[in-house]
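Visitor: Spelled out from the first residue to the last, the chains are:
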Amino acid sequence: MQKRHQVIIAAGLVGIAVLVAPATASPVVSKDATLPVGSDLHEELLDQPTELFSFEMAGGKRSYLFNLGDMLFSSPAIFGGKARDAGMSCNSCHQQGASNPKLFVPGLSKRPGTFDTTGALFNAKADNGVFDPVTVPSLRGAKYLAPYGHDGRFGSLRDFARNVIVNEFAGPEPSGQTLDALITYINEISFLPNEKLTTDGRLTAKAPDAARRGEALFNKPFPRDASMSCATCHQANAAFVDRKVHDIGTGGFFKTKTLLNAKFNAPYFHDGRFDTFDEVVGYFDKHYDLGLTEAERADLVAYLDTVGDADKPFTPNTVQAEIDELAAFVSVLDVAIPAHETDVVLLTVESVGGEWREVGENFPDRKDTSVEGGVAERLRARAGVRDLVLTLRRVAMAAQAGDFTEAAQIYGEYKQVAVAVAPYLKAAEQWSLYNPVVHDQHFAALRRLADLGK
Amino acid sequence: MTMPAHFTSMRSRITKIGFAIALLAALPAGAQAASMKEGIKAYKPFIVERIGMAIAGAKDMQTAVKAGDVKAAQAAWIKSRRGWEAMEPVTGTYFDEFDKSVDPWPNAKSGYHAIEVVLFQANKTEGLDQPIAEMLANMDRFEKRLKAPKFTFAPQKLLEGTANLAYEVGEEKSGGGESPYAATSIIDMQENIGGVEFAYKTVFADTLKKKDAKLAAIIDERIENLKKLVGVADIKSMDAKKVHVAGEELAALMLTAAPKLGLKSFKVGDEDEGADTDKEKAK
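In order, the protein sequence lines correspond to chains W and Y. The working numbering applies: residue 1 is where the first sequence begins, and numbers increase by one. The working numbering applies: residue 455 is where the second sequence begins, and numbers increase by one.
Isolated chain Y (complex conformation) (with noise of 0.2 Å):
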């Protein structure tokens, strides 16, 4: 049976480089830092790296859009896709209005999804020049906000969304997942947890160790399982039963760690609301 072009792409792109690889490959020089104050300081590059990725992918996609080269702005998509996804222990907590714009679900009209439908099930690139610039501008605002000097990521949050985001890699995936008409839910996911990886290790796993080193040694087997188990080629390949069980029992973990990292615990009705970005819009 023949894939389509923008399936074997995504296949080889696996296959070649691999996501793990890819993120820790991506990680500072000392990034597993002695203390939580010097991890946040090191997610923040991050962070910048994985927008600027997601903005370069939205450039090309519009690039190819222009040139009506729907295979090309199909990679694109998958491209910034990848930047977009890695980052959600913080887009839903940090930027709560540009994950809404850039990523809303259901919208016909504007972010990833509505151009998703238009280049994968239509195979189409017309009519997709405004929200593709639509999507860049809120973007380019995300990272401009994210490089202001001033902004930081606060560890009590920056636990609960990391927890958080491991514990919807466990949602269940019959529906096709997150990316449904691209069919790439399984970049989606390996993208999460390279995300929730990388805010572990970097801000949490060392301060952790000293405290408790044998929850620390079941959070980094946890990890390692679900990257094992979301290391298929597409999400049909995956068992979701064992992927749903270990991104429960790995948010369980997590959440159970914060007063051993010097956390509040997490109480019923104390989540963020994203109430800082509220204030911040206030501004």
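Pulled out of the complex, with its shape left as it was, chain W reads as follows (with noise of 0.2 Å):
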């Protein structure tokens, strides 16, 4: 038996052909899949976004909570019903804590990057009988960025974060302390640090001239209306946002989006209706009749794709970085066990032992042809992810039995596994899914597989 990684086979539902990388939640061929066949969360094992925190740019380092956070926007346990069983986790969205422009859910997705939070697929009681997807949007920044909601509704991170667990994915009721641990995390994720742009908001000596003349654009009063220009909802000094809601003709109020790092963010307004800034600056130009000339129309989208830029938007996985995030994960268990805590220590145990799972499949066994070389090396590391997962797996029986001695004593032992295992894993990452081209190779394998079908 193995995981399977797939490939959509309908690529025609999504439009696009789709080659990806995930290692959880693939595109879907299987009529026995939780989710529908041709969904694709598409979360990205190579080329991953950035994620900065504030406090790494103060040079502090992750708490507690923090830690709890972030393993928790990384665990299905926290989700109820087929978002559960999908695997789906906040991070199948917001990767990272970015956005997630290629997701694509049948029935849920009117286009990638769209999903109707409100449709019967998770959460029946939530239904409102409507088609309205939204986009997913990115939580750089989020801390500045309330009121939060497409159209506002949610005044704090807290309540929006709570009604996503409870009423988007059918999940328990949480904990005060799950909340407070996950609006730790978001709190901290930062916006890409962008060199054209200065932290008020102005453009920098290395931004292009196009530019600079659409930043003059941008703050133009607009010929029907001098009292607006652009700047006036997206204001520079204010991380181009004005936390207000308004009626720009999309049909309703919806809030003010950020420009920084907006680059990364398509599609655009909330329903992903434009792909691109020049198909935005165009709705706006005929919406407000501004009368721009396609030079100034260019300008402007210079303006925003200098604004919206990040100095590194992507950063390749590797297997060391796999091997660190967990170990921050799992250092929740240094505080849970001690503290009896024991619900918090079987969350621990399902996310960390799942994320190892999905580690572990990164290094194709001995069945998958398509990977040459390396079988010894695969293998020691597949095991070695093994002993890791039933070592948790044994901090959770022995807790659960409340026991915490024993699970104190266990957890010593997934330490020593951890440290033994790590060099497995690096020894064979060549081999792995984490080198492209073997990552292709399997990919590419996996299409032709599924290219038998048609």
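Be aware that a few hints might be false.
What the hints assert, rightly or not - With a cut-off of at most 30 Å between alpha-carbon atoms, the simulated BS3-like pairs for lysine-lysine come out as follows: (1) Y:Lys611 / W:Lys415; (2) W:Lys426 / Y:Lys611; (3) Y:Lys668 / Y:Lys718; (4) Y:Lys695 / W:Lys415.
What the hints assert, rightly or not - A few chain W residues that face chain Y, going by a derived Cβ cut-off under 7 Å, partial list only: (5) Val29; (6) Thr34; (7) Lys367; (8) Thr369; (9) Ala420.
Keep in mind that the hints were calculated from the coordinates and are not lab data. Built from N, CA and C at the ideal position, the CB exists for glycine as well.
Take the two lone chains and join them into the complex the hints point to.
Guide: Pasting the structure below:
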């Protein structure tokens, strides 16, 4: 047996041919799957959205609450029903705290990157009978971007997060600590640095000339209403938002979106109707009768492109990065076991064990004929992951039995196993899906297999 | 809603027989051996019987494909696969090159899944003569090696293979499991657990009862629990989280039992990597 990395076979469903590198929620080919055939959670394995935390930039450290929140953000265990069964977590949609422009679930998505949060699939109780998908927002800089929800219906991030867990994804009522932890984590997700922009939203010398011309247009009063400009709502010194909702002719009141790192947040507008800045500028030009020339439109697009950029938008994933992340996640047990917090121990075992299994699946087993070489190394890596998962499971069994002394002892074993396994994982990395060549061979083989079904 | 024919057939099979009953009926008399040595002897005929089932199913499939009968070929594919899946405690560790050629993933040229996609997704039989013939040839070679008088299983490797299979049963199945195109992954899981149960009860259970009756009872209970959890019509009806936890608990308990059975404790890096089969291949 082995877990299946799958490719979509009905590419027409999403209108694009998809090559993906997911470890958990691959595009669905099976009618036996939890999500509908054609679903693509598009969880990137190789080049992941860069994740930067405020405390890192300030030279701080990960707190217990942050680690717990980071772990819970990646945990299906806080959801219920189909979302949990499908292995979905907050991170499925908000990958590394960013958006997910290619996410697609038939019946819930109108186009990639959109999702109907009030559909019946994940929580029949929340079904409003309207097919009204909205974009998946990036959470970068979320602490500056209240109110929350596209229509700004939630004043606090805490209320918004609870609604996602309980109403959108049918999870159990989260504990106070769970919400505190999640909010601690989300509040630390920072905008990515952009060398073309000052901290107060001005262009630097590194910005192109077209963007400078666009900046002037951005601040220029509208011809038919001199009290307004683009900058009226997108205030440069306030994360390019005004924290208000407006009706801009798109079917209701929707909050002002930040422009920071927005280059990576397509599709645009609440319902994702536009794929490019050019389309966005074209809409405003028409709606507000701006009378822009073609050159002016191009300059505004250049400005948005420059403001929305990031110095390092994506970061290659590595085995070491996975090891480091899971070490941070599991450190929650340093506190939860001595505190006899059974619920947190079980959540951590589920989450970290599940994450380890995903890592293990990135080392193809001997039946994967698309990968050549390194069989012994790959099998040793897989076996090492299995040992980690099963040691964690024993921690959970001891905690459930109320024997926290035993749980602490086994957790000590886990730490030793983790140290022993790390070199095996790194030794096998070149034959794993973390290697782009191996990755491409593996997924090409999956596509060839799927093509047989056509 | 009308069920696909193969699906109806699968449900019917489960209802009429029940994988657990079928497996118990397959147990040779006195299979729960008093010693692991006797158990190992009793285990081999089970694998012989299951590879025989895999071969018989593949031959039926060959006949159906030649006749262009998609439904019959689908049913035969399921029959063959049932035989194969119960052997998984040993396919990877003792027959790795056959495991790779009969059940490769992902592979569009040969093996169960290349055939599965065509039969169940394209609903065709065209182009399957060669992959089925190749699969049969590999199964025949598997059977020949297995039936060699000197061929025997070892408790250490068998325990790890069995625990490993229990661990894999607990894998996430949200993508549709191991047979995603046929949508028969629940049968794979039922056969897997049947294979785990047979290996454990035939080879290890009695010895463990003598050494640690409490642990043996817990393992028995976990196996029964897993059987109940997968005793459903399809994996959508299964409580995936409970199966996941139960599979991991069973695997962890089995590995913990090793020293109590007089076997070597499993240590990181000591895992079997098919070295024995490599030696055999070199001969």
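Visitor: Which of the numbered hints above does this structure break?
Guide: The structure breaks none of the hints.
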